[in-house]
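Peer 1: Spelled out from the first residue to the last, the chains are:
There are 2 protein chains.
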Amino acid sequence: MTNAQFPHFSDRIKNIPESFIREILKVSSRPEMISFAGGLPNPNFFPVEKLASAAEKVLSKDGKAALQYWITEGYLPLRDYIAQWQSRRMGYRIEAEEVLMLNGSQQGLDLVGKLFLNPGNTALLEGPSYLGAIQAFAAYQPIFHHIEIKGGGPDIKSFNEAMKKLGPAIFYCIPNFQNPTGNTYDRFHREQIASTDCSPNTIWVEDNPYGEIYFEDNSLPNLCSLLPERTVHLGSFSKIISPGMRLGWAVGPREVMRRMAIAKQASDLHSNNLAQRIVYQFLVDNSLDQHLNSIRSFYKEQASLMIRSMQDHFPEEVSWITPKGGMFIWATLPEGLKASALLVKATQQNVIFVPGDHFYVGGCDGGNSLRMNFSNPSQGEIVKGVKIMGELIHSMMQGESPPDA
Amino acid sequence: MTNAQFPHFSDRIKNIPESFIREILKVSSRPEMISFAGGLPNPNFFPVEKLASAAEKVLSKDGKAALQYWITEGYLPLRDYIAQWQSRRMGYRIEAEEVLMLNGSQQGLDLVGKLFLNPGNTALLEGPSYLGAIQAFAAYQPIFHHIEIKGGGPDIKSFNEAMKKLGPAIFYCIPNFQNPTGNTYDRFHREQIASTDCSPNTIWVEDNPYGEIYFEDNSLPNLCSLLPERTVHLGSFSKIISPGMRLGWAVGPREVMRRMAIAKQASDLHSNNLAQRIVYQFLVDNSLDQHLNSIRSFYKEQASLMIRSMQDHFPEEVSWITPKGGMFIWATLPEGLKASALLVKATQQNVIFVPGDHFYVGGCDGGNSLRMNFSNPSQGEIVKGVKIMGELIHSMMQGESPPDA
Chain H
1 MTNAQFPHFS DRIKNIPESF IREILKVSSR PEMISFAGGL PNPNFFPVEK
51 LASAAEKVLS KDGKAALQYW ITEGYLPLRD YIAQWQSRRM GYRIEAEEVL
101 MLNGSQQGLD LVGKLFLNPG NTALLEGPSY LGAIQAFAAY QPIFHHIEIK
151 GGGPDIKSFN EAMKKLGPAI FYCIPNFQNP TGNTYDRFHR EQIASTDCSP
201 NTIWVEDNPY GEIYFEDNSL PNLCSLLPER TVHLGSFSKI ISPGMRLGWA
251 VGPREVMRRM AIAKQASDLH SNNLAQRIVY QFLVDNSLDQ HLNSIRSFYK
301 EQASLMIRSM QDHFPEEVSW ITPKGGMFIW ATLPEGLKAS ALLVKATQQN
351 VIFVPGDHFY VGGCDGGNSL RMNFSNPSQG EIVKGVKIMG ELIHSMMQGE
401 SPPDA
Chain L
1 MTNAQFPHFS DRIKNIPESF IREILKVSSR PEMISFAGGL PNPNFFPVEK
51 LASAAEKVLS KDGKAALQYW ITEGYLPLRD YIAQWQSRRM GYRIEAEEVL
101 MLNGSQQGLD LVGKLFLNPG NTALLEGPSY LGAIQAFAAY QPIFHHIEIK
151 GGGPDIKSFN EAMKKLGPAI FYCIPNFQNP TGNTYDRFHR EQIASTDCSP
201 NTIWVEDNPY GEIYFEDNSL PNLCSLLPER TVHLGSFSKI ISPGMRLGWA
251 VGPREVMRRM AIAKQASDLH SNNLAQRIVY QFLVDNSLDQ HLNSIRSFYK
301 EQASLMIRSM QDHFPEEVSW ITPKGGMFIW ATLPEGLKAS ALLVKATQQN
351 VIFVPGDHFY VGGCDGGNSL RMNFSNPSQG EIVKGVKIMG ELIHSMMQGE
401 SPPDA
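As given, the protein sequences belong to chains H and L, one line each in that order. Take our numbering: the final residue in the first sequence is number 405, and no numbers are missing along the way. Take our numbering: the final residue in the second sequence is number 405, and no numbers are missing along the way.
Hint data in this document are derived by calculation from the structure and do not stem from the laboratory. Some clues are possibly wrong.
A pair counts as met if it fits within one copy or between any two copies, since identical chains are not told apart.
Stated by the list, open to error - Pairs of lysine-lysine, DSS-like flavour, derived with a Cα cap of 27 Å:
#1 K165 with K150
#2 K164 with K57
#3 K345 with K387
#4 K61 with K26
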């Protein structure tokens with residue numbers, strides 16, 4: 001009964017690129033491997049014992065309710081906590097009703113695609129962009145366009161032209177400590193792009209998983225503050241409490257949130273009710289600020305150490321963006337050197353990272369950029385891994401042909 | 001900047017019907033309300049303390065790993081447990097690699113739609129069918145067809161004709177204790193439809209959330225046993241351990257599971273890692289059979305009590321399907337009586353149920369059927385609620401016009 005055609009997959013599924021990172025992470029599970037490839041938060045900052053005590057409280061106090069079906073929008077006390085916290089953070093009033101709980105902010109990307117992308121619509125992304133967003137949107141068959149980000153943000157002229165000419169259904173960006181580049185929009189660029197003359201139908205999607213992991217200050221306005229009536233803002237507990245619990249949220253205009261809840265209901269009814277209550281109990285019983293401060297100062301140290309090691313060991317022809325927060329450093333090799341060739345050599349010496357071309361739709365950026373994660377490796381691994389990479393770059397620059405060329 | 005067009009939603013989202021049940025459940029939260037409307041498992045059978053002890057174990061033993069990102073496919077020991085358990089249950093060998101963990105089996109419906117439905121493809125459903133499946137598939141813009149289920153299963157002639165004429169992309173069914181009718185396919189119908197001459201591209205989607213809640217026996221072959229090479233089988237812990245933890249799974253051909261994992265990765269990266277480990281620990285430390293037996297005998301008693309009350313209080317012109325498992329009874333009023341009119345009257349007397357037309361795409365079934373849930377109400381509520389409904393049906397049959405007519 002089966003034949004060569006079977007199974008007959010939809011057109012959209014053929015569109016979703018497989019994750020190179022997923023493949024590379026399989027290699028990274030070898031214990032001797034120094035991995036700058038992943039995007040994992042440091043597990044030493046998961047509040048394991050406090051979450052265990054929160055879980056015990058939730059289950060003993062209200063176990064039956066915590067284990068039952070719940071409404072799609074989420075556990076109201078948690079949504080209310082997020083609304084109040086984010087109101088202070090964003091400088092405008094957010095109500096609990098405008099907060100939708102998600103299975104990590106990744107689900108927000110899928111739902112944004114579901115809600116706003118007809119096949120053939122334009123999705124305007126930063127170039128490079130978050131691979132998971134490309135995957136999520138790809139299922140809805142948009143036409144992708146990248147807008148180049150330089151230093152303080154998107155090139156204003158190109159951005160205005162792209163918004164005008166393409167009339168994108170969505171503009172997707174990560175203004176704070178971007179994945180993969182670690183880049184942050186400055187105030188000028190935020191204000192400029194927020195005042196662009198764009199199609200009245202464009203939804204702005206501001207992805208902010210790293211926003212709380214700032215090294216210096218957090219005084220820059222978020223796009224949702226500047227354009228609250230047309231921005232879907234995605235937040236997440238993944239980088240600050242636990243990614244394994246899969247809890248993020250969306251904040252946005254009420255009509256968008258209402259429709260997003262319908263789409264979420266069709267997708268999975270609701271997010272884990274027990275996990276929402278455990279995280280809420282943790283937030284009630286502990287100081288989030290104190291917890292965040294300890295993550296911030298540790299990640300800042302890690303980033304500084306990686307930068308210092310790069311200064312010590314990388315040829316001066318290699319450039320990079322010094323991150324003001326988040327988890328990543330984006331480095332650019334001299335033109336002509338391929339990050340993928342460096343990866344082949346580095347893997348042989350048990351060091352891995354992600355070549356930059358994987359963060360573009362269609363995979364092109366000159367091939368000489370790469371992303372390095374500093375949140376997860378130990379300090380010893382940072383020093384040793386960067387040294388190995390530096391030696392390999394030096395030797396590649398001296399014209400030794402890479403083994404796969 | 002905003003205008004009347006904004007926000008400009010995709011065509012697909014306009015397709016998703018809002019859930020009437022969602023609306024009616026808002027009414028059901030009033031404490032004086034007797035609700036036969038929901039589809040909630042009885043929380044007295046949630047193993048609260050055992051899950052609390054499992055959570056404590058998981059977090060103290062391996063907390064950092066349980067709170068970290070995990071692979072999309074799920075926690076391998078849990079997938080392996082499910083594979084072994086389901087192999088015994090289904091009578092053919094299932095490997096852990098063929099099991100994909102989901103956020104409840106509802107997510108399986110979304111992913112099946114994403115994987116197999118191009119706009120305009122045919123989705124063949126039972127009539128009536130599970131509303132959540134209609135919602136999930138609707139987002140992928142298929143053309144829906146219903147196949148009538150009579151007693152032992154789909155009418156074989158109509159089924160063969162529909163499969164041949166429509167060449168559906170998917171055939172979706174709940175052969176065991178269906179939601180909403182409680183109906184179960186007999187062996188003859190299972191074997192007949194499994195041997196139908198269908199399009200080589202049709203995927204069979206066997207949804208089995210109630211399969212473990214059988215009252216008599218479980219000796220009937222599942223469709224995945226009869227057609228393993230073309231069936232996606234969806235299972236769930238929601239009805240037997242906890243729906244709030246949102247854990248279900250899909251089993252199917254390897255190439256389908258591989259693509260489904262890619263689609264899931266794009267949707268939400270992975271399911272709650274902590275919850276998967278808690279459920280696994282629960283399964284290792286306790287007898288699932290013993291737990292299931294206590295649910296089975298309780299639900300069987302509840303169903304019997306509801307049937308007896310219906311025999312006592314409903315006019316003999318009302319017919320119903322006596323369920324052999326699951327959580328629902330489907331009753332049919334005499335022709336001409338509207339279940340929606342009965343609901344209006346019943347609500348005024350604090351009893352609610354779901355009129356049957358909500359379980360059809362387009363909402364037609366003659367309007368005289370209704371779904372009653374017996375898993376969640378107390379025994380006192382069952383007796384009292386059925387009595388009130390019976391009196392109302394009697395008075396409607398005596399020609400008193402309903403208040404909204």
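Peer 1: Please go over all the hints and tell whether each is borne out by the structure.
Peer 2: To see whether the hints hold, each was checked on the structure:
In this assembly of identical chains, the alpha carbons of K165 and K150 lie at most 27 Å apart only when taken from the same copy (21 Å versus 57 Å across copies). In this homomeric assembly, K164 and K57 never come within 27 Å of each other (Cα to Cα): the closest approach is 53 Å inside a single copy and 56 Å across copies. For a Cα distance limit of 27 Å, the shortest separation of K345 from K387 inside one copy, 13 Å, qualifies, whereas the shortest one across copies, 78 Å, does not. For the identical chains of this complex, K61 and K26 are inter-copy neighbours only, at 24 Å across copies versus 40 Å inside a copy, given an alpha-carbon limit of 27 Å.
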